[in-house]
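Protein chains: 2
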Amino acid sequence: MTERTQDPRELLRLPVGGRTDLAGYDTRSTPGVLGGKSATVAATARAGKRLAGLQERLWAAGTAGDRRRVLLVLQGMDTSGKGGTVKHVIGWLNPSGCRIRAFGAPTEEERQHDFLWRVRRSLPRPGEIGIFDRSHYEDVLIARVRRLAPAAEIDSRYWRINDFERSLTDDGVTLVKCFLHISPDEQRRRLLRRLDRPDKHWKFSPGDIDDRARWPAYQKAYEIALERCSAPAAPWYLIPADRKWYRDWAVAHLLLAHLEALDPRYPEADFDLAESRARLLGRR
Amino acid sequence: MTERTQDPRELLRLPVGGRTDLAGYDTRSTPGVLGGKSATVAATARAGKRLAGLQERLWAAGTAGDRRRVLLVLQGMDTSGKGGTVKHVIGWLNPSGCRIRAFGAPTEEERQHDFLWRVRRSLPRPGEIGIFDRSHYEDVLIARVRRLAPAAEIDSRYWRINDFERSLTDDGVTLVKCFLHISPDEQRRRLLRRLDRPDKHWKFSPGDIDDRARWPAYQKAYEIALERCSAPAAPWYLIPADRKWYRDWAVAHLLLAHLEALDPRYPEADFDLAESRARLLGRR
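Chains as they are written, first to last, in my numbering: chain A, 40 to 323; chain B, 40 to 323.
Here chain A stands alone, though its shape is the one from the complex (with noise of 0.2 Å):
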């Protein structure tokens, strides 16, 4: 059995307030899994069934003035799975009910404003449960190894996020913040799969690689973010991601997790179910 034996909320959860190095985590670790691949796989197909049923009580409360909400943040170096967690975790839910955003470069119109302005724009409402293919937090990751705003302007994002998202959870959103993890070894090897399969041409890049050369200072920028913008209320949690089926797993089973604290309620009828009936029969 691959049941989760402890919360995953617990085992995953980067330290708040604390170090984190990176390299100190093993990015083809299964924790919290017992059995293999194929267990694991098949307990994800549960944990998606049971996602969907919470995400319908989630959905119906916020019809109701209830103004809960999820929103999963994916970030993770290129080919870590961000794309696929969409696919395979998100693609148990009823897609009425997400709201999925990916976000690249700015665009001309987005640079005109604050970094968080496409953010804001983006957010799920209520009931809804958004995903995140990448995030605000790009703005301290490629834009601090890349240089592409001043250090001054780049070290003030870190207060903003936090104040940002601190401003969304007293608003009664649920963040749920995932950094997928992979190793340097299990990228090339997914890149060379990209370059082996015609039909895989078109995710490739041949500035996927340049970014390569600069993995330390990115895993740096990364353990900066990590440490600066995590709360107690929106903490990141790390997912060992170098195998699929337990990163799918893990994403899973924080999201069920976290729904299953919200326990979303169906609203009750505000109406005379007797009177509708007779109505509906045709007795008055």
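What the hints contain is simulated information worked out from the structure, not anything from laboratory work.
Fair warning: there could be bad hints in the mix.
With a Cα cut of at most 30 Å, we get these calculated DSS-like pairs of lysine-lysine [claimed, not checked]:
| hint | chain 1 | residue 1 | chain 2 | residue 2 |
| --- | --- | --- | --- | --- |
| 1 | B | K88 | A | K126 |
| 2 | A | K76 | A | K283 |
| 3 | B | K242 | A | K88 |
| 4 | A | K76 | A | K126 |
| 5 | A | K242 | B | K88 |
| 6 | A | K242 | A | K283 |
| 7 | A | K88 | B | K126 |
| 8 | A | K242 | B | K126 |
| 9 | A | K76 | A | K239 |
Sample of chain B residues with no beta-carbon within 10 Å of chain A, all distances over it, derived [what the hints assert, rightly or not]:
| hint | residue |
| --- | --- |
| 10 | T69 |
| 11 | G122 |
| 12 | K126 |
| 13 | I139 |
| 14 | L162 |
| 15 | P189 |
| 16 | R227 |
| 17 | E299 |
| 18 | A308 |
| 19 | D311 |
Negatives, chain B to chain A, calculated, CB over 10 Å [as the list claims (entries may be wrong)]:
| hint | residue |
| --- | --- |
| 20 | P145 |
| 21 | S195 |
| 22 | K259 |
None of the values given here were measured: they were computed from a predicted structure.
All C-beta atoms in this analysis are idealised placements derived from N, C-alpha and C, irrespective of residue type, glycine included.
Based on these hints, arrange chain B on the given structure of chain A.
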């Protein structure tokens, strides 16, 4: 076997430029399927997997400049299954490539603009599959039945819709407009079921019963819209929708036929494969 026996586009398309008499269509019929429910559900699942493959090609082509995209428009009376279609058909797709929008009563901001404004802002981007749960057609349906705008204004909307849809198809949008056709008896059964189940109460509003008294006016408004807003490049499809398993089969196969006709292709690599491979392997 419930494989389709002929092109579902031919089978379900309403006549372009002809009269539409909704009472002449059997809402319980299942045109195009030979088997029963379970064989049809299995056929829909097979279609769903093929849809996902074609969706990935469409998306991939979009990353290389192909502007084509698909827009599924779902219309129908309350309980006709617009939401269920999204869940059970669109649920097969990769949610990242779907842009779903449900249109309710216009907001304050939306009312300050032309009726097409909110629709234009919700269109799929190149490579995406857009889904409208209700649409700009509400502005000639409920708006006509409830006289929400002057008659002359509503009359002008039909050709403005035609102009708008023509601009979309000229710009690479494949429109798939589906009218989910149910009978008033089936609607009563579905509303009663919502009353019987506490987990369905949130979907019910006593106003749904009031609207039943306007059934003939709505059918007439639909007939006018289906007649006036059919074009060779943007026809309407009538889906008999009393049987949910048939409705899902029909919409899935309509989408599939359109995507197969588009025949999107994975783009060719625009970089040197051998050089990238050598660089990744550290040979240069």
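Tell me the hint numbers this structure goes against, listed in increasing order. 11, 12, 13, 16, 18 and 19
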